[in-house]
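Undergrad: This is what each chain is made of:
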Amino acid sequence: MLVKGKPLVAVVSAGLSKFGKMEGFTGRELFIEAVGDALQRCPDINLRKDVKAVFVGMMSESFEHQGHIAPMLADWAGLLPAPAIRTEVACASSAAALRMGIFSILSGLYDVVLVGGLEKMTKRSTLEATEFLGMAADFPFEQWTGVTFPGLYALMATAHMHRYGTTEEQMGLVAVKNHHNGALNPKAHLQREVTLDKVLNSRMIAYPLKLYDCSLISDGASCAILTRPDIAGKYTDKPVYIIGSGQGSDSLALSQRDDLTSLRAARYAAREAYEMAGIKPRDIDVAEVHDCFTIAEIIAYEDLGFCKRGEGGRFIEDGTPMLDGELPINTSGGLKSKGHPVGATGVAQIYEVFLQLTGQAGKRQVEGCDIGLTHNVGGSGATCFVHILKGG
Amino acid sequence: MLVKGKPLVAVVSAGLSKFGKMEGFTGRELFIEAVGDALQRCPDINLRKDVKAVFVGMMSESFEHQGHIAPMLADWAGLLPAPAIRTEVACASSAAALRMGIFSILSGLYDVVLVGGLEKMTKRSTLEATEFLGMAADFPFEQWTGVTFPGLYALMATAHMHRYGTTEEQMGLVAVKNHHNGALNPKAHLQREVTLDKVLNSRMIAYPLKLYDCSLISDGASCAILTRPDIAGKYTDKPVYIIGSGQGSDSLALSQRDDLTSLRAARYAAREAYEMAGIKPRDIDVAEVHDCFTIAEIIAYEDLGFCKRGEGGRFIEDGTPMLDGELPINTSGGLKSKGHPVGATGVAQIYEVFLQLTGQAGKRQVEGCDIGLTHNVGGSGATCFVHILKGG
Amino acid sequence: MGKEDECEAPQFTIEQFYRFLSEKKLMAARCIKCGTKYLPPRPICSNCYSRSLDWIQLETRGKLITYTIIHVAPPRLQSLVPYAYGILELEDGLRLPGMIRGIPDNEIRIGMELEVTFESAASEDWPKWPMYYFKPPR
Amino acid sequence: MGKEDECEAPQFTIEQFYRFLSEKKLMAARCIKCGTKYLPPRPICSNCYSRSLDWIQLETRGKLITYTIIHVAPPRLQSLVPYAYGILELEDGLRLPGMIRGIPDNEIRIGMELEVTFESAASEDWPKWPMYYFKPPR
Ligand SMILES: [Zn+2]
Ligand SMILES: [Zn+2]
Chain Z
1 MLVKGKPLVA VVSAGLSKFG KMEGFTGREL FIEAVGDALQ RCPDINLRKD
51 VKAVFVGMMS ESFEHQGHIA PMLADWAGLL PAPAIRTEVA CASSAAALRM
101 GIFSILSGLY DVVLVGGLEK MTKRSTLEAT EFLGMAADFP FEQWTGVTFP
151 GLYALMATAH MHRYGTTEEQ MGLVAVKNHH NGALNPKAHL QREVTLDKVL
201 NSRMIAYPLK LYDCSLISDG ASCAILTRPD IAGKYTDKPV YIIGSGQGSD
251 SLALSQRDDL TSLRAARYAA REAYEMAGIK PRDIDVAEVH DCFTIAEIIA
301 YEDLGFCKRG EGGRFIEDGT PMLDGELPIN TSGGLKSKGH PVGATGVAQI
351 YEVFLQLTGQ AGKRQVEGCD IGLTHNVGGS GATCFVHILK GG
Chain D
1 MLVKGKPLVA VVSAGLSKFG KMEGFTGREL FIEAVGDALQ RCPDINLRKD
51 VKAVFVGMMS ESFEHQGHIA PMLADWAGLL PAPAIRTEVA CASSAAALRM
101 GIFSILSGLY DVVLVGGLEK MTKRSTLEAT EFLGMAADFP FEQWTGVTFP
151 GLYALMATAH MHRYGTTEEQ MGLVAVKNHH NGALNPKAHL QREVTLDKVL
201 NSRMIAYPLK LYDCSLISDG ASCAILTRPD IAGKYTDKPV YIIGSGQGSD
251 SLALSQRDDL TSLRAARYAA REAYEMAGIK PRDIDVAEVH DCFTIAEIIA
301 YEDLGFCKRG EGGRFIEDGT PMLDGELPIN TSGGLKSKGH PVGATGVAQI
351 YEVFLQLTGQ AGKRQVEGCD IGLTHNVGGS GATCFVHILK GG
Chain F
1 MGKEDECEAP QFTIEQFYRF LSEKKLMAAR CIKCGTKYLP PRPICSNCYS
51 RSLDWIQLET RGKLITYTII HVAPPRLQSL VPYAYGILEL EDGLRLPGMI
101 RGIPDNEIRI GMELEVTFES AASEDWPKWP MYYFKPPR
Chain B
1 MGKEDECEAP QFTIEQFYRF LSEKKLMAAR CIKCGTKYLP PRPICSNCYS
51 RSLDWIQLET RGKLITYTII HVAPPRLQSL VPYAYGILEL EDGLRLPGMI
101 RGIPDNEIRI GMELEVTFES AASEDWPKWP MYYFKPPR
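So the sequences go chain by chain: Z, D, F and B.
Residue numbering for the first sequence follows the working numbering, starting at 1 and increasing by one per position.
Residue numbering for the second sequence follows the working numbering, starting at 1 and increasing by one per position.
Residue numbering for the third sequence follows the working numbering, starting at 1 and increasing by one per position.
Residue numbering for the fourth sequence follows the working numbering, starting at 1 and increasing by one per position.
Just so you know, the hints here were simulated from the structure itself, not pulled from any lab data.
Check the hints yourself; a few may be wrong.
[To be verified] Covered stretches of chain Z, as calculated for chain F (at least 3 residues, CB under 8 Å): (1) 93 to 107; (2) 145 to 151.
[Said to hold, decoys possible] Derived contacts from chain D toward chain F, CB cut-off under 8 Å, selection only: (3) Gly24; (4) Glu29; (5) Ile32; (6) Leu39; (7) Ala77; (8) Lys123; (9) Thr126; (10) Pro140; (11) Trp144; (12) Asp283; (13) Asp285.
Just so it is clear, CB atoms sit at the ideal spot from N, CA and C, and this is done for glycine as well.
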């Protein structure tokens, strides 16, 4: 049951496929790669015997013309006849799977569950991908009237610039930072640095957002193995605990929200997670936030309480979220450089924080970190999850 | 927490939109109709204040080009910023939402949640609908190689006929029974009787399944309000309790299963639900089973233990599952006559059993029923949920 | 619902919103009980759960509260790029998103006044709805 | 994975299964550790989680274990209706579903012997895979 400040569940392992244009691999094959990665990191688990249920996030059946993926993935992971459910809340689909996994363990029904997500996006054309991703927006008033997914974030960016004086250069710095981190991550889609000049001079996608303000269309899969906190020691010496889980919703159509410069769903989710964990924003040592577009990361700084409203642009200028800054953010490279196979992203963030808190993050390891946060947004912000993790 | 034989949650209300070809209504409008119906049946609830989370099932984003529906439905139901998640396991998507709702209450995080489902199918052409529904089958080995959704059940029907001598007439009797019941249900899609002759002489869809062996393509939505059992009395004098919840999975591709005449996922789900409830098949008074095709209902009789393996055909011939029989099955008309807006179906079954156990089923009321069962199958049987309900 | 044949007032649905639009009318729903206005309309008030609603016709002028210029569009609209898109706040506070036409991209400003114009032809395929645009007032 | 450029043996993927098929070879994966066979292939054994696999070429003959005649098909195949479809149990116990050709519908029987035949041309659009069919053995 739920007791404030007590661990909800333990993460005893996590796995990730390579992210990128994974030519020749279908989604189920990427997922089983992620499961294999988690298994190799936790050899004491007997997947078939121990894992009692599967929760997986995927945004769209359209990319691979494949719905009903949950039992198929349970099958490929050798877990039949274990029950399996797919969750979908756009780009936050696998954070939803994680939250369902947490509920299912807290319910007392299961001791060990597998959560994860996937998306196989690159086998379809860019126009097709644009259309499939657009389905996360309101059909009758957004898709139909001509706005795209980058367009929705562009509307927020223009509003943020207008109200707070946020600049295209500040947004560009987010891309520069995340590419720097991604260059240190062997699983990242794009492992190369970019200069601010290159970002600012890249092709316009939806003013003021340019190509390098946008995350990548990628293939990939992620997973994590959750257990009751009191039995984590059976499986690993270095568990990580989830101590806070928050979720909020907002109207699907951006135009119907009171404020276009902040996500109410994110503020609500953050408050729930912080309260459950009994901590404050200043206690966070490392965070993975949803930088589907550079403006989204700037808004995330504000919504998560890392800085005041309107000061997100200065927060990145000051260097605080850099890998060697006071609060390193998106050490993995973020959606921007690691890649954004949308259904995989939420649990891929958990994977990165798991690596950080267990000292397995290699060249991008943040020293002495104990508390991490993940922030996963669905669509243009109608859904947001915040999770808080603590080292064992 | 989970104690055998103890109620998991209470159902304090349930609602259903009209099922059918609901010209002029989008999915969200049907959903809010279902919520309005539940509210009218439970006037003491303050939805906005009491309901803390939403779980909704929908099979396919393709029908309305609309993903990310969960927060939108929370918005339309007046529940923002309450968290909302969509579940998808093909035709069992809303039973999954129900099970998530149960977990979330058992976790201790929520006291009251709204679960439901919807599908808006009739605005697209039959060929489009065939394609969208087909996505629940394995793409590389089923969709690609030419089998349809009716085709998969036809493969099971041929195998069942070959092994057990089941006849097209026996399957036809399932349709006759369900149309009889549906004619008594004012929310059913087709409210008219059919003769066995008409069923047997209807157009072939996938041998041996004819048009009248197949459920309908319908629009519709369903919902139920769940609470902790100990607080149900605050909201209603006549709660119904969910005392068992089971779920199982199997390989997505039919060809990979050992047995083509029975669903392992259903047998697994049934065993879990019966054990949790501490009851036997013979204790069931009324049941809603997944008759997407007539053969599916015959197999359900066997998988749920209402009769022995291979005897499903005789079970319907003997009249046991008739409205005036010993164990009335699909009193609502079932998917066959009430209609099958796929994402709505699982919770629509809960709605029917809720009506039966609270004496609100009108002309199709089964007298003296105390324990009901629902059986909701995803796709060709890779997913199955069984829930057991008890009157208050 | 279930009374489609006999009902007098048009249903409070998105379909009906677009039907009005094809008659060049911008219509919202208003809850008679609590006064909340809905654009798009909703069949049940999300604030007080009343089903007593009426239609109100909106003024078509409003103020632009944010905008973008879209360079990569979905297949249906790819031929129009680049195009401007924004959110209009109408005179009574309701908001509507849509394409902006009839003004050079570099003259678009937050706060400027625009008005809704209607294209009455519905699309041939699903969903068979007309389009609308925002333009500088005449 | 991540070694695509340097690997010698073809990956144990569905794409590779269809690539073999276009070479008229019916190939399955076999786990070297526990012997489990997979059709379609899997990159990791679902029984023992080993990554040590090899490809085995299957005999193309098998026994029909069930069938149907499809009269309503998705758009891509609508021109072929009615067509027969069934599940073949191959000689080593693996099963494959597919269309049945070259035999009148009313002569199809459970238990009859059929063999896999290959159409080597891949589809032009996604997923760019060839088709295969079941026919009576020559
Ligand atoms: Zn009102
Ligand atoms: Zn093996």
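Undergrad: With reference to the structure, classify each hint as holding or not holding.
TA: For each hint, the structure was consulted:
1. Using a Cβ-Cβ cut-off of 8 Å, 0 residues of the segment 93 to 107 of chain Z lie near chain F, which falls short of the minimum of three, so the contact claim is violated.
2. Figure legend: the segment 145 to 151 of chain Z, annotated as covered by chain F; annotation consistent (6 residues with Cβ-Cβ distances under 8 Å, at least 3 required).
3. At its closest, the beta carbon of Gly24/D sits 5 Å from a beta carbon of chain F; the interface hint therefore holds under the 8 Å criterion.
4. Taking 8 Å as the C-beta contact cut-off toward chain F, the hint placing Glu29/D at the interface holds, the least distance being around 5 Å.
5. Below 8 Å, beta-carbon pairs count as interface contacts, and Ile32/D has one with chain F at about 5 Å; its hint therefore holds.
6. A hinted interface residue such as Leu39/D counts as satisfied when its beta carbon comes closer than 8 Å to some beta carbon of chain F; here the least separation is about 6 Å, so the hint holds.
7. Because the closest C-beta pair between Ala77/D and chain F is about 7 Å apart, less than 8 Å, the hint holds.
8. With a least beta-carbon distance of about 6 Å to chain F, the hint placing Lys123/D at the interface is held under the 8 Å criterion.
9. Because the smallest distance between the Cβ of Thr126/D and any Cβ of chain F comes to about 13 Å, over 8 Å, the interface hint for this residue is violated.
10. Violation of the interface hint for Pro140/D is found here, the shortest Cβ-Cβ separation to chain F being roughly 25 Å, above the 8 Å cut-off.
11. For Trp144/D, the interface hint is violated, the least distance from its beta-carbon to any beta-carbon of chain F being 24 Å, above 8 Å.
12. Taking 8 Å as the C-beta cut-off, the interface hint given for Asp283/D is violated, the closest approach to chain F being about 36 Å.
13. For Asp285/D, the interface hint is violated, since its Cβ never comes within 8 Å of a Cβ in chain F; the closest pair sits about 30 Å apart.
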